[in-house]
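Here the structure of chain A is known, so what remains is to put chain B in place on it, guided by the hints.
2 protein chains.
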Amino acid sequence: MWKALDIEEWQERRRSDLAGVGAAVAAIVEGVRKDGDEALYRFTKEFDRIVLEDLAVTPEEFEGAYEEVEDSLIESLAEAEAHIRRFHELQRNRSLWLEEVEPGVIVGVKTTPLDRIGAYVPGGRAAYPSTALMTTVPAQVAGVPEICVCTPPPVHPLTLVALDIAGVDECYRVGGAQAIAAMALGTESIDPVQKIVGPGNVYVTAAKMMLREHAEIDFPAGPSEIGILADSTADPAFVAADVLAQAEHDPHAGCVLITTDAALPAKVGAEIKRQMKNAPRRSIIEAALGNSGYVVAADLDEAIAAMDYVAPEHLSIQVADPLSTLNAVHNAGSIFVGPYTAVAFGDYASGTNHVLPTAGFARVFSGLDVHHFCKTSSVQMIDREGLEWLGGVVETLATAEGLHAHAESVRIRRRKKD
Amino acid sequence: MWKALDIEEWQERRRSDLAGVGAAVAAIVEGVRKDGDEALYRFTKEFDRIVLEDLAVTPEEFEGAYEEVEDSLIESLAEAEAHIRRFHELQRNRSLWLEEVEPGVIVGVKTTPLDRIGAYVPGGRAAYPSTALMTTVPAQVAGVPEICVCTPPPVHPLTLVALDIAGVDECYRVGGAQAIAAMALGTESIDPVQKIVGPGNVYVTAAKMMLREHAEIDFPAGPSEIGILADSTADPAFVAADVLAQAEHDPHAGCVLITTDAALPAKVGAEIKRQMKNAPRRSIIEAALGNSGYVVAADLDEAIAAMDYVAPEHLSIQVADPLSTLNAVHNAGSIFVGPYTAVAFGDYASGTNHVLPTAGFARVFSGLDVHHFCKTSSVQMIDREGLEWLGGVVETLATAEGLHAHAESVRIRRRKKD
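Chains A and B, in that order, give the protein sequences. Under my numbering, the letters of the first sequence match residues 1 to 418, in that order. Under my numbering, the letters of the second sequence match residues 1 to 418, in that order.
Just chain A, with the same shape it has in the complex:
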């Protein structure tokens, strides 16, 4: 199952088949559009097998959640939240910069948070408090005043504690395509949002793509994946540990090792076998290893080029000179440099965001960050001196484009005497 891969063919299979669920998702969206809250109760009963009494999580439930979570876990969540906040604060732009580029000509950019965003936090069988932090903290750092969270029932106390630590108190117990439709279109209980972020299954992703005219999204995302760039200096045990950590996420997870060392794949394969013996999620790992394997490259340049083609969600760099490889790679959601940087650090604790583009989308999209929750306005301030300096260019070009009133709007100002 740990085998040589054709990466083009491999990546072809990584793209989720959104078309396959299109009709089902369209019906859910239409149901929510027509019936609002009533559709959310109906779909939750149908898909989650849960009869809800109400949608919104109450303040009492948030408070009560702390009693069901161990103190050490609360402390770890608080620490992770602080690290995530710190990293995203480092990304934040000045809210306004202005620069006088010529006498009388000032230009700049004003950055403003969005008004209301929606975060989708997966749940159901498991709790993902880390995703609750990853989707909401950057929005808070950006200054978004209203953050709306949807997560499938039953809502786990860990998720509520994470949201509370992040300072978020608007949470609805609804998941799947119906949650995306509710946030994009609005219902009696859920006000519509401007943008929806967060990972989800193929139904969630298809609904996000379908409703982009109503609410912008972060990016399409599919099953999690890792790419490992390694040479003969890589530790096979560490590489195998990161492969297993990736594989345990999901039977559809994928792992690709691209190496210049022809002997490494077998060593990693042996380590995978050894380490997975006691893995509690062994059957998931075995399924995911079916979507995984290795490529042996002639040299590091070829290996890097192949990895740029893969554009993995997570990229682990395990080579002798990792910094020059970091400089050379183009496409990856998040990059983990050197032997001790386990990918799990990015999932929880280094502060970087774990909501990342998959399936090659890292060629085009950035992982979730503060900028996803802001928009910018360009600014210009021109005085009479700048008017003289720039006016001629505007008059010439506007006239050439046949836009005479544009030229006149400059001329009328130049004629003004005072």
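Worth double-checking, as some hints may not be accurate.
Heads up, the list lumps identical chains together, so a pair's fine if it works in one copy or across two of them.
List time: in silico DSS-like cross-link candidates among lysine-lysine, alpha-carbon distance up to 25 Å [what the hints assert, rightly or not]: (1) 3 with 273; (2) 416 with 267; (3) 267 with 417; (4) 34 with 45; (5) 277 with 417; (6) 273 with 416.
Simulated from the structure, these hints should not be mistaken for lab results.
Below, chain B without anything else, positioned relative to chain A:
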């Protein structure tokens, strides 16, 4: 025709009816998908009434274009290009920043340009060399190696001179939804792009929205518009000149004056009447004034709130203290501060980008900028010291989420002796 407006109702009408052209656009997209170049020739004959001999503009045509354009115009284009380049260089991020946030824990962000983008430059009846600059220069500043331009035939020499000044040499004579389909899906002559930017009519916008699974886009855009925030210190002649400049773009253009001075709308109305007498594009202006008007607000706060609702593509601030109003507004594509800052400066010469969100989309989207042509990867480097410092949090949280191999990937590194 210059009348009081209900801005909610006004904005409702600003949204282009993309659904209305959906079937036509889907048929064009399907044609290009099936027949490639042959479909481009067919649709160009059908919609542009032009029988093309070839799609790609040749190096000789680029060179020959200079002979058909006046020297003063070439100089103005070169000056505009330099200003646009300068402003977008001010926006550019460092290509990599790293910060040691704790001993042994380094985090950062790597910024990388996209590989290949598509720019749509409108044309046909008129030439828009300024849009050729606005869509390609930011991509160049970002470092995008391949920039593909599509513009409807006949391609105007001014457009070719502008592209050449910007340093772009890949240009195809095809417009409309078929151009978007060609860039998103690829044909024999046109390689597919990762992202498509630039303004267009409702067919172009509908095609961009429809093909977002294949190529990301800048944002949905519709007819151009201006919002003017003014008090009793505003010069009615300047306000009217900016209204007329906006109105001459397109019969669907829209202008909204929101003012605290109840006497201003009539003064502006009189100035509009006076100035439009000699306007060469009078019939277009008259049609656009039908989509235009004013709102009188009780005070400046109310005026600003109303303008934030409008979220205009262009916002002109004509009040006594324009800087504090600049700080207070949230939503606008580009902001023009003070009496001498005609909106036409942003269209051509101040260096800011004129490809901007319309119809209220400035609440969520930024105008075109360098960041549209880049994506980022987060980075982390953790050594043995950092491993000890962060390891506990990862082990605790991974275990709580049931992801044992995640915890193990940290433990195996902590156990390592060397």
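When the hints from earlier in the document are held up against this structure, which numbers fail? none
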